[in-house]
Structure formats: C-alpha cells, structure tokens
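2 protein chains.
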Amino acid sequence: MSVIKFSIPEIIFGSGSISYVGLCARQLGAEKVFIVSDSGLEKAGWVSRLIDLFERDHLHWSYYSDITSNPRDYQIHHGGERYLSEDADVIVALGGGSPMDAAKGIAIIASNGGQIRDYEGANRIQKPLPPMLFIPSTAGSGSDISQFAIITDVKRHIKMSIISRTLVPNISIIDPYLLTTKGEELIISSAIDALCHAIESYLSKIASPFTESQSLLAIRLIFQHLKPAVETKTLKHLCQLSIASTAAAMAFSNASLGAVHALAHALGGMFDTMHGLVHPVLLPHVLRFNLPSCPEKISQIGEIFMAPQLGSTYDTALSCIRAIEKFFDSFNINQKLSEIVKDDSKLETLCKMAYNDACLLTNPRHATWEDLLMICKEAW
Amino acid sequence: MSVIKFSIPEIIFGSGSISYVGLCARQLGAEKVFIVSDSGLEKAGWVSRLIDLFERDHLHWSYYSDITSNPRDYQIHHGGERYLSEDADVIVALGGGSPMDAAKGIAIIASNGGQIRDYEGANRIQKPLPPMLFIPSTAGSGSDISQFAIITDVKRHIKMSIISRTLVPNISIIDPYLLTTKGEELIISSAIDALCHAIESYLSKIASPFTESQSLLAIRLIFQHLKPAVETKTLKHLCQLSIASTAAAMAFSNASLGAVHALAHALGGMFDTMHGLVHPVLLPHVLRFNLPSCPEKISQIGEIFMAPQLGSTYDTALSCIRAIEKFFDSFNINQKLSEIVKDDSKLETLCKMAYNDACLLTNPRHATWEDLLMICKEAW
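Keeping their order, the protein sequence lines are chains A and B.
Residue 382 is where the first sequence ends in our numbering, and the numbering goes up by one at each step.
Residue 382 is where the second sequence ends in our numbering, and the numbering goes up by one at each step.
So here's chain A without its partners, still in its complex pose (with noise of 0.2 angstroms):
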C-alpha cells in the first residue's frame, strides 16, 4: 500500500446549523468576511439570511456575485482584485459549486496573485490561502469538503481542475434547510453527481479503506432516499442526500475521480453543458468499459442496487450496470449524449482534452483518447 493522504474540513452539520456562521467565522480570525454567491441564492433569501447572521454578530461583509454556472476565469481576478481592495479576511461561499468554486479561485488569485491558469493541475499554490468557510446550498458538488476547484478558461474553451490540499476549506456549514428551497431537477441533477462521485471515487486507482466506506454509503443512501426526497421533498430524506453528498465528497476529495469526470470537465468547457446533466448519460458506459479493471468493485456496488445474485463476479457486475441504468430512467433525465451536445463534430477534439484531465489518471481502466471517444458514441 502507498502512503495515503486523508484530509476534510471541520464539519458543522445539521438543519439550522447557517446559525454557527458567524462563530465559526470569528474563529477563523474573521472581522471582515467576503461572501461570494450568485442571484439564485439571493431571490431564495439566503444571502440577506447569511448578512442578518453576520450583523447579528457585528461582523462587516463585503458581497461578491459577478459569477455565472461554470465559473469564468475573468470573474475569478475581478473577485481577487475585489477581496484585496475589501480588505476583507475570511473568504465566505454560499451556494452550489459555481459560487464555491469561485470562492476558491478568488482566495487562491488573493494570496498567489497571477493568473487562475497559472495552478491548473495538482499542487502548484504556493502560498497559503485566506481561511475559507463554505456553506453548500446543493447536495452534490461536494466542493465544500473538497480539494478541487473546477474552473472555466474562457479562450481555451476548458474547464481547467485546480487540485490542492490547501482548496479544503477551513470550516463546512451544511444545513440541509437550505435544500428544501430547491427545485425537483436541481435536487435530481445534484444527487446523480454526488452518486457518480461516489462510484468513480471507489474504483478509483488510489482509493482507501478511509474514502471506500465513505463511497459506500453515500451510494446507499441516495439509492434509498433520492426518489423519496423528490416525492415528499421532505425534510428527512433531504438530509440524508445531503449526508451522501458530503460522504462522496470526502470520498473522491482524497481518491479523485474516472472517466465520467474528465469527460464532463470536457464538455462543460467546450459546450458550457451543465455538470449534473451528462453523468447520468455517460456513467454506465464508462462502467462497461472499466468492468475488465474492476468486476469485484462494481459487483460489491450491486450489492446496494439489486437482491443478492446467484451468477459470477462478472455476471453480478454486469447486472449492477444495468441496475444503476433502471434507477437513473426511473427519473425524468435525459438519457443520451445527443440529447446534450447537438452536433457530433467536436467529439474528437472534445475526448483529446477530455484525455488530459487529472481525473482520468485515477480511471481504475487505462483509456486513450480512442477507448473516450467510443465511450461517447455508445453513449449518443
């Protein structure tokens, strides 16, 4: 066994718990936050909510917002640029992974100055960042917990990964509260890249025994509780989502991710595609082709989808890809790739980048750019 590195936030988790934000803040040393968050959050009332608490607790605040979906590399140097001339201390994100994201570009641009491009890949900040206190308003980005920050170069057309142990923020608040303001899709969409981290994370080349449990049950409670939670919207199920969410992320924050990602990344910078949307779509080819590498792992994953079977390893596994394919048609999402990106053309250019992902290096099957590419036309 190599040396394995395990590292996560503290962790404040519980419905109410956005109330502990301004304590938490001052732990870090906070007298002036920077919240970033888009306009989403704000008509949702949580940002005025996030302002209240930290008045409440006589805090001064500064708000950034200019982010979109996918966040841009110029919006993360205005936000830099921004922070400094706040002179603000602790960075605060609220919102999904855009804003979370962006908050970890912003923090890395404030303290390492240059350009965002510049620490594209693994470990290359320098200098520490400001203290980082996150509050996720989506149960799936896992960039609350996470040592990734995914962020969009707009002239190479990429979705640039930024891996660091320092983008693991300080401390994580997370309220499942703030999902029951969320709509059906979102919650889908989110819970179905939660569920794809958790299953790339556990066959991932340099998964643990630590981030394996991890996986496991993330993967078993949004099978029990995603459609209950999109039924009911209830409270209870919701939580436990966004338990999974946060046990995926600790997951694939410390054993990366496959090939699903990679090509996400991939087609979320060239097509600006939403994230959640293409894992449903590619996870199960991805699967196929990776079931040579890993039979066992994908049959102990069968375990959760199916009653026990009677056949081989391989046939169990086999069985657990067609069963994860059941679960995602039993929700209403899209199910082809042609269905996302209209025009095929850009296929090539799009698995060449996608092959130059840091994720693929952990893919439990080596892939060329040629295996990626037949993975999307099994999957148009």
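Among the hints, erroneous ones may be present.
Selected chain A positions facing chain B (in silico; Cβ < 8 angstroms) [as the list claims (entries may be wrong)]:
#: 1; residue: Phe8
#: 2; residue: Ser9
#: 3; residue: Glu12
#: 4; residue: Ile13
#: 5; residue: Gly18
#: 6; residue: Ile20
#: 7; residue: Phe212
#: 8; residue: Ser215
#: 9; residue: Ile245
#: 10; residue: Ala249
#: 11; residue: Ala360
In the SDA-like style, the derived pairs of lysine to any residue whose C-alpha atoms are separated by at most 20 angstroms in a straight line are [to be verified]:
#: 12; chain 1: B; residue 1: Lys7; chain 2: A; residue 2: Asn172
#: 13; chain 1: B; residue 1: Lys129; chain 2: A; residue 2: Arg28
#: 14; chain 1: B; residue 1: Lys7; chain 2: A; residue 2: Lys129
#: 15; chain 1: A; residue 1: Lys129; chain 2: B; residue 2: Gly24
#: 16; chain 1: B; residue 1: Lys328; chain 2: B; residue 2: Glu187
#: 17; chain 1: B; residue 1: Lys129; chain 2: A; residue 2: Asn172
#: 18; chain 1: B; residue 1: Lys7; chain 2: A; residue 2: Asp68
#: 19; chain 1: A; residue 1: Lys129; chain 2: B; residue 2: Leu25
#: 20; chain 1: B; residue 1: Lys207; chain 2: A; residue 2: Thr182
#: 21; chain 1: B; residue 1: Lys7; chain 2: A; residue 2: Gly18
#: 22; chain 1: A; residue 1: Lys235; chain 2: A; residue 2: Thr182
#: 23; chain 1: A; residue 1: Lys129; chain 2: B; residue 2: Glu33
#: 24; chain 1: B; residue 1: Lys129; chain 2: A; residue 2: Pro133
#: 25; chain 1: B; residue 1: Lys129; chain 2: A; residue 2: Gln29
#: 26; chain 1: B; residue 1: Lys7; chain 2: A; residue 2: Arg367
#: 27; chain 1: A; residue 1: Lys7; chain 2: B; residue 2: Ile20
#: 28; chain 1: B; residue 1: Lys7; chain 2: A; residue 2: Pro133
#: 29; chain 1: A; residue 1: Lys129; chain 2: B; residue 2: Glu214
#: 30; chain 1: B; residue 1: Lys238; chain 2: A; residue 2: Ser4
#: 31; chain 1: A; residue 1: Lys338; chain 2: A; residue 2: Met276
#: 32; chain 1: A; residue 1: Lys238; chain 2: B; residue 2: Lys7
#: 33; chain 1: A; residue 1: Lys238; chain 2: B; residue 2: Glu214
#: 34; chain 1: B; residue 1: Lys7; chain 2: A; residue 2: Leu237
#: 35; chain 1: A; residue 1: Lys157; chain 2: A; residue 2: Arg28
#: 36; chain 1: B; residue 1: Lys238; chain 2: A; residue 2: Val5
#: 37; chain 1: B; residue 1: Lys129; chain 2: A; residue 2: Leu25
#: 38; chain 1: A; residue 1: Lys7; chain 2: B; residue 2: Gly24
#: 39; chain 1: A; residue 1: Lys207; chain 2: A; residue 2: Arg367
#: 40; chain 1: A; residue 1: Lys7; chain 2: B; residue 2: Arg28
No lab work stands behind these hints: they were computed from the structure.
Where is the CB? At the ideal position from N, CA and C, for every residue including glycine.
Given the coordinates of chain A, assemble chain B onto it according to the supplied hints.
Showing chain B alone in chain A's frame:
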C-alpha cells in the same frame, strides 16, 4: 437530527510515511520542533530516527521525555515550561496514548497557562494551541486523531478527560511500520482499546452516519486481522489494525464513548491500571446493561462477529455479546476485574468517580453509580 460536528486532522497514512515528518513540520511553520516521546520509543530506535529526519530537513529540535504511562499533571506543567523556554514552535508527539496525551496537555499549558486541571471537561480551552504533529506508535489510543486528552490528577487520583476541538492535532502521520517493533501484548491491548472505541462510539447517543460508518469499518477490520496480526506480525495485518484504530478514532472523537471508558478512566486514576487491560473485562457486561436501549445496533455489530442468525433482534444482540466474549477468550488476556484490581473495598468510590466522567453522558442507556457498581460486580 441535532447539529453534528465532525473534525479530524489531516492524515498521512502508510508504511514509510514517517519520512514526511520534516515536510509536514515545515508546512506548520516549524523552525524548532518540541518532540515528546518516551524511553520505550528511544530503545526501539524511533526517537533517533525522528531526530535524524528533522536534522536532514535542517530543523532545530528539543526533546522532552519526562513522562510515564497515564501521564501526570506535574509532568505536563514541566513540559509546558520547557516548551516555552526552548522557544519551540511546533509540538511533535511520537508514541502511544501517553506521550500524545502529554503533548496535548503541554500545548494547552504553553498557550493558555494555569494548571491542567483548569481545563477538565468539555470546551474549556480559550486560546489557540501551538501546531501539533503526531506520530502514533500503537494502533489503539487514537489520540493522534481525537479531541480527547486524558491526564492524571495525582492529588485527586483521577484521570481527567479534557475534550476540545482544538485538541485535534493538525497533522497525524500514521506509519504502520512502527508497529513491527511492538510486542504481542501491546498489539492485543491496543487493538481491543480500538475495538472498544469503535463499539462504544457506534452505540453512543450522538453517533452520526459519518461516525457509524467508521465504527463499523474498525470493528470489521479488528475482528478479521487481530488474530493473524498477532500470529504472523506481518506488515499486511498490522497495517489493517492501524487503519481500524484510525477509523475508530475518527468515530469516537466525534461521537464520544460510554460506560466502559468512564469506568476505565476511574480505574486508571485510582489504581494506575493500564488502560487497554480493563476493556475486555468490562465491555461484555456494559453491553448487557446497554442492551435494552439499543438492541438493533448491537445486533448490527453481530453481523460482523457471527454468521446470520434466525432469532429476534434481541436474541441476535445477546448472541453478539457472547461472540465478543468468545473473541476476547481466544487471546491470552484478563477475564475478570478481580485479576486487575485486588481490593473490592474501593469499588463504590470508583463508580461514583466514573459517574462524573464526561464519557458517561453519551452512553446509550442512562447509568447511575449504582448501575456501574452492579456492572463491576458482574465483572468481578
């Protein structure tokens, strides 16, 4: 669900990982490290190995070893003075629970002043501690992961539990190769300490999905690997015990413990009993006492220790307790409390002391001091 807090150090795990110690100390800002260890580690050659590693990385160091097992308050006070007079900046503990708990105590006194008894109980440390980098040499205490420090108050003859999130070390380097220099008895008693952490945290009133998955992982690994680890002393099995101890510590640090540990702390304070010896004697009797409050959870533990059972949940839980006793019987360890404590005249005082231990608060069934006395008599 109430608010869950989950906090662990950054973990570097693997055979040979001790060689990262200089890099990690530098990450924490070290120029001069304050090493806390003991004569056992000196004899095994680990202290000089550690010093060599620091010197290779051009770090200054100071060494403190005036500690015993069940570290005493005055040893902590001397250590705090030494840390300050040496002008050190990072505390490095190398050893089992005693040097690690002593290092935590020294960190408290160095930055907060006063007497160590001022900090007894939960959340009484106000000022931030010096950075802490821990290297455990046993697979049991979990002090390298946990927010607990246990220090003996010599005047009152009690082991004080000091509990605070700030006692979680910054980095834990867990190198299972260190276990190869340990004797059979220590491997067994440490693993049973870890098993008891895992079981008591699993049954704790404040267990959460994040801690439960780690508890079950630890129980499974210890059940599978303790016997082969003792018989073969191969790195393969020792490594699994080390993973188990780490997972159990992630669980108990965040879910706390129960009556076994409350009694073990009282026994250690009154009779200087070795911590690991008392668990196998007490655990089955505490489990029988707890059974009415958590039959489902005890029967779930049974799924690890036994073949599937046909009876009721309650019957399965009872069989599980018997299976745990049988597991203990297969090792050459004490079976009765009377083999450890020669004189039963102080049992009442002991149980009144255990009743005030912080660990009893999370025991799944409320226990009075009379209940604890009954448990001790059954274990006698």
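So, going through the hints one by one against the coordinates:
no.: 1; hint: Phe8; in the structure: 4 angstroms, holds
no.: 2; hint: Ser9; in the structure: 4 angstroms, holds
no.: 3; hint: Glu12; in the structure: 4 angstroms, holds
no.: 4; hint: Ile13; in the structure: 4 angstroms, holds
no.: 5; hint: Gly18; in the structure: 7 angstroms, holds
no.: 6; hint: Ile20; in the structure: 10 angstroms, violated
no.: 7; hint: Phe212; in the structure: 7 angstroms, holds
no.: 8; hint: Ser215; in the structure: 5 angstroms, holds
no.: 9; hint: Ile245; in the structure: 5 angstroms, holds
no.: 10; hint: Ala249; in the structure: 7 angstroms, holds
no.: 11; hint: Ala360; in the structure: 20 angstroms, violated
no.: 12; hint: B:Lys7 x A:Asn172; in the structure: 13 angstroms, holds
no.: 13; hint: B:Lys129 x A:Arg28; in the structure: 13 angstroms, holds
no.: 14; hint: B:Lys7 x A:Lys129; in the structure: 29 angstroms, violated
no.: 15; hint: A:Lys129 x B:Gly24; in the structure: 18 angstroms, holds
no.: 16; hint: B:Lys328 x B:Glu187; in the structure: 18 angstroms, holds
no.: 17; hint: B:Lys129 x A:Asn172; in the structure: 18 angstroms, holds
no.: 18; hint: B:Lys7 x A:Asp68; in the structure: 32 angstroms, violated
no.: 19; hint: A:Lys129 x B:Leu25; in the structure: 15 angstroms, holds
no.: 20; hint: B:Lys207 x A:Thr182; in the structure: 27 angstroms, violated
no.: 21; hint: B:Lys7 x A:Gly18; in the structure: 13 angstroms, holds
no.: 22; hint: A:Lys235 x A:Thr182; in the structure: 7 angstroms, holds
no.: 23; hint: A:Lys129 x B:Glu33; in the structure: 17 angstroms, holds
no.: 24; hint: B:Lys129 x A:Pro133; in the structure: 18 angstroms, holds
no.: 25; hint: B:Lys129 x A:Gln29; in the structure: 10 angstroms, holds
no.: 26; hint: B:Lys7 x A:Arg367; in the structure: 37 angstroms, violated
no.: 27; hint: A:Lys7 x B:Ile20; in the structure: 13 angstroms, holds
no.: 28; hint: B:Lys7 x A:Pro133; in the structure: 19 angstroms, holds
no.: 29; hint: A:Lys129 x B:Glu214; in the structure: 36 angstroms, violated
no.: 30; hint: B:Lys238 x A:Ser4; in the structure: 12 angstroms, holds
no.: 31; hint: A:Lys338 x A:Met276; in the structure: 14 angstroms, holds
no.: 32; hint: A:Lys238 x B:Lys7; in the structure: 19 angstroms, holds
no.: 33; hint: A:Lys238 x B:Glu214; in the structure: 18 angstroms, holds
no.: 34; hint: B:Lys7 x A:Leu237; in the structure: 19 angstroms, holds
no.: 35; hint: A:Lys157 x A:Arg28; in the structure: 39 angstroms, violated
no.: 36; hint: B:Lys238 x A:Val5; in the structure: 14 angstroms, holds
no.: 37; hint: B:Lys129 x A:Leu25; in the structure: 15 angstroms, holds
no.: 38; hint: A:Lys7 x B:Gly24; in the structure: 16 angstroms, holds
no.: 39; hint: A:Lys207 x A:Arg367; in the structure: 9 angstroms, holds
no.: 40; hint: A:Lys7 x B:Arg28; in the structure: 17 angstroms, holds
The structure does not agree with the numbered hints 6, 11, 14, 18, 20, 26, 29, 35 stated previously, though it agrees with the rest.
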